[in-house]
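**Q** Given the sequences, and given the hints that come with them, work out the whole structure.
Chains B and X, in that order, are what the protein sequence lines are. First residue of the first sequence: 1, per the numbering used here; consecutive thereafter. First residue of the second sequence: 1001, per the numbering used here; consecutive thereafter.
Note that these hints are calculated values from the structure, not bench results. Glycine included, C-beta positions come from ideal geometry on N, C-alpha and C. Careful, some of the hints might be misleading.
[As the list claims (entries may be wrong)] Think about it this way: if two alpha-carbon atoms lie no more than 25 Å apart in a straight line, the pair counts; the simulated SDA-like pairs of lysine to any residue are: (1) B:60 to X:1172; (2) B:49 to X:1062; (3) B:467 to B:307; (4) B:443 to X:1060; (5) B:49 to X:1199; (6) X:1159 to B:307; (7) B:49 to X:1066; (8) B:60 to X:1054; (9) B:44 to X:1060; (10) B:467 to B:481; (11) X:1054 to B:481.
[Said to hold, decoys possible] Taking CB as the label site, the calculated pair distances span: (12) B:49 to X:1057: 55 to 61 Å; (13) B:367 to X:1121: 33 to 39 Å; (14) X:1069 to B:49: 17 to 23 Å; (15) X:1065 to B:397: 48 to 54 Å; (16) X:1032 to B:140: 36 to 42 Å; (17) X:1069 to B:90: 35 to 41 Å; (18) X:1062 to B:250: 36 to 42 Å; (19) B:427 to X:1069: 43 to 49 Å.
If you want the building blocks of each chain, they are given just below.
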Amino acid sequence: MAEEIVDVLIIGSGHSGGMAAKILTEKGISCLMLNAGPVADAHKDTEMKPAYALPFRGFKEPGRLPHVFQSNEFNANTWVDEQEVPYTYDPQHPYNWVRVRLFGGRSLFWSRQSFRLSDYEFKGKSHDGYGDDWPISLADVAPYYARVEEIFRVRGRAEGLPQYPDGNFVQDDSPWSGCMQRFIAAGKKLDVPVCKARSSQGVDGLASSVNLLLPDAFATGKLRAIPNVVVRELRIDPNTGLVNEAHFVDRLSRREMSVKARVIVLAAGTLESTRLLLNSKLANSSGVMGHYLIDQIYGAGIICSVPEARDGKATPDLMGGNALVPRFRNIDSKAKNFIRGYALNVHSVTGAMDPRWFAAYGEELQNKLDSYHGSGFGTGIMGEVLARYENHVSIDKNVVDAWNIPVLHIDTKYTDNEFNMARDAVDMSVAMAEDAGFEVLSKNYDPNPPGYSIHELGTCRMGDDSKISVLNKWCQSHDLKNLFVVDGSSFVSSGWQNPTMTILALSMRASEHLAEQMRIGSI
Amino acid sequence: MRRRDFVKAMMAASMSAKTMLGQQASTTVAPSTPPPVPTAPGPVPWMRGLMEVKPLPMTPLVPDAVAQTNAHFFNDQQMATLRRLCDILLPPMRGYPGAINAGTPEFLDFLIGVSPAARQQMYQSGLDRLDKEAKQHFDAPFASLNSSQADQLIRPWLKTWMTDHPPTESYAHFMNVAHSDIRTATINSQAWSTAASASGHEAPDQGIYWFPVEPDLQRKGSALQKRRRS
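**A** So, in structure tokens, the structure goes:
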């Protein structure tokens, strides 16, 4: 029987775990990585198929993955099966928990939108009095953002807006298409900035832990990894009072095992990390673990048609490209019925239009689809959800997953602040689109259920005061100095930004701090 | 003498034990080695040659190419209403099959029949209401209405909507979701794909299908299987 004590045990292999592995191993520290799911091989595990050859003709298998709106019959096997790993909630307040347990986690599938938080997020309370400030500012994280942006090859253009901090970009010199120029002009009249979007180019089209982070870690010879093991519990050494053991179960055989470690880095994804800590009953002297669950509102938006692009007249000069409207509300003035703000994803549709955008059928619908082909233009909200103590997760003692591990109960809902923000986003989109001369075909004010954005954050928030936060500013447990949580659970506020760049930067920063603490013998 | 006999006897016993052990050692497996896997009666070349076999020159046929789906979920009146709705909403045009040609009514009967109860109820009540309104307005079942009559019952309920947000009013929800489902089932059919190929267009329904990646051996079964068992 192995009695090895590993230096650092990393639980999770996505962006945050991959970054921790890269930083720590490059500093000569041996790491063992555990991942709950298998290693996927797109060459072996996929095949091009027509929808008619699938059991349900491209419809989702009825009843499967009801909370994963992003799933379809082609990709259904890549998501966590909701029956294998269920979770509970009040039926009045559903939550869409969207998970991937393949090696590399959700870094395998993400939108690539790459933003920095600004001090309107890090220091939100100082700006508007709501919630709490982070214990760090943009200046603390900026050097790490710059290094992450280099690794991920973030394409963007400097805009000089404080709420949309510039970064270390692969320069985006692409010209605006005609439709975008018209939308920009409409925005200027309303004092709404329309900017170039920012996106990770990655390498060979992929911007994932499995191609940008983990290969470097494995190349050091310091990283070993075990797939298909589900961590059940972390345990404390009664002699030192520090966490020193992870108890896990083999996903396939159900064999129970454990491994000892000097340091544990949790990177299982916001809610899985918190679930593991709650099940382990540790690191929660503050009592706020599980609280302040936040994410971002998605789903509200509009779809339009650019009249000049119809009937085969859509040209690359007129149509194409995308843009981003960064937060503009509550910067220099106050919105009437909500605080904080939202961004708009703006895109041009150069291909087929969705039949659902027309109240027609049969030949009439087909004529519309032909005429409007390539003329689409749309916006979609990315809005900040306020951090509230009452939005929280806890352990549901009555339900277990396929490995007899108690599951999460998720208790969260949006309030008027989010609904009013969504309404404003749609109304502003309509005003700009109409000013630009577009025909608005459809609009939707209703956000998707919480969780849909796959940007669940918080529940182990960081802070200087150990009475009201779980982690310190280094993503290190206040209670257990050899426990770090480097995924999105440390967030104090969500902002409107896709959090991936921030998660990566914070994981890099925490890992360098950990390495230094280990070097000087403090840990 | 008695002593000599005893020694001889002991030697004989020792020899025979040694021989027996020797025989045993030559015919049994060492304790640390697992027993051989039992095979079918007799030594058979169980999987020999499989790695060398060339793939068969075949393209697997999907059943829809030659067979009809047996409808059994909707009742006769609902099925007749659904068929007419399919025919109205997506008739054959421009060389492409209509919903009827694509077997869409029968496919939806199957799909809805294995769906959660809320979806089943939405379809059943929607089809019932459509037929009821046909009888109220035209004194005839929906299945026998002409296009103009059907249009009067359908068009007021069609709305534009964005992904994941169909109309919330129950009958409008049915009408718009059914329309979307009918289109999807038809465009994703083999008949449509064949027509696209014949007209020189790329089939619209190709995708990267992910097989299960090391599926859990003890998976308790899908929601579908559970419903079928219950």
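**Q** Does each hint fit the structure? Answer for all of them.
**A** We went through each hint and held it up to the structure:
1. B:60 to X:1172: 22 Å, holds
2. B:49 to X:1062: 12 Å, holds
3. B:467 to B:307: Not OK: residue 467 of chain B and residue 307 of chain B at ~58 Å, beyond 25 Å, violated.
4. B:443 to X:1060: 43 Å, violated
5. B:49 to X:1199: 20 Å, holds
6. X:1159 to B:307: 21 Å, holds
7. B:49 to X:1066: The given pair, whose Cα atoms are some 19 Å apart, holds under the 25 Å limit.
8. B:60 to X:1054: 34 Å, violated
9. B:44 to X:1060: 19 Å, holds
10. B:467 to B:481: With Cα atoms ~16 Å apart, residue 467 of chain B and residue 481 of chain B stay inside 25 Å; holds.
11. X:1054 to B:481: Violated, because 59 Å separates the two Cα atoms, which is more than 25 Å.
12. B:49 to X:1057: 55 to 61 Å: 19 Å, violated
13. B:367 to X:1121: 33 to 39 Å: 34 Å, holds
14. X:1069 to B:49: 17 to 23 Å: Holds, since residue 1069 of chain X and residue 49 of chain B (Cβ atoms, about 20 Å apart) stay within the stated range.
15. X:1065 to B:397: 48 to 54 Å: Given about 52 Å between the Cβ atoms, the range holds.
16. X:1032 to B:140: 36 to 42 Å: 59 Å, violated
17. X:1069 to B:90: 35 to 41 Å: About 39 Å separates the Cβ atoms of residue 1069 of chain X and residue 90 of chain B, which means 35 to 41 Å holds.
18. X:1062 to B:250: 36 to 42 Å: 37 Å, holds
19. B:427 to X:1069: 43 to 49 Å: 46 Å, holds
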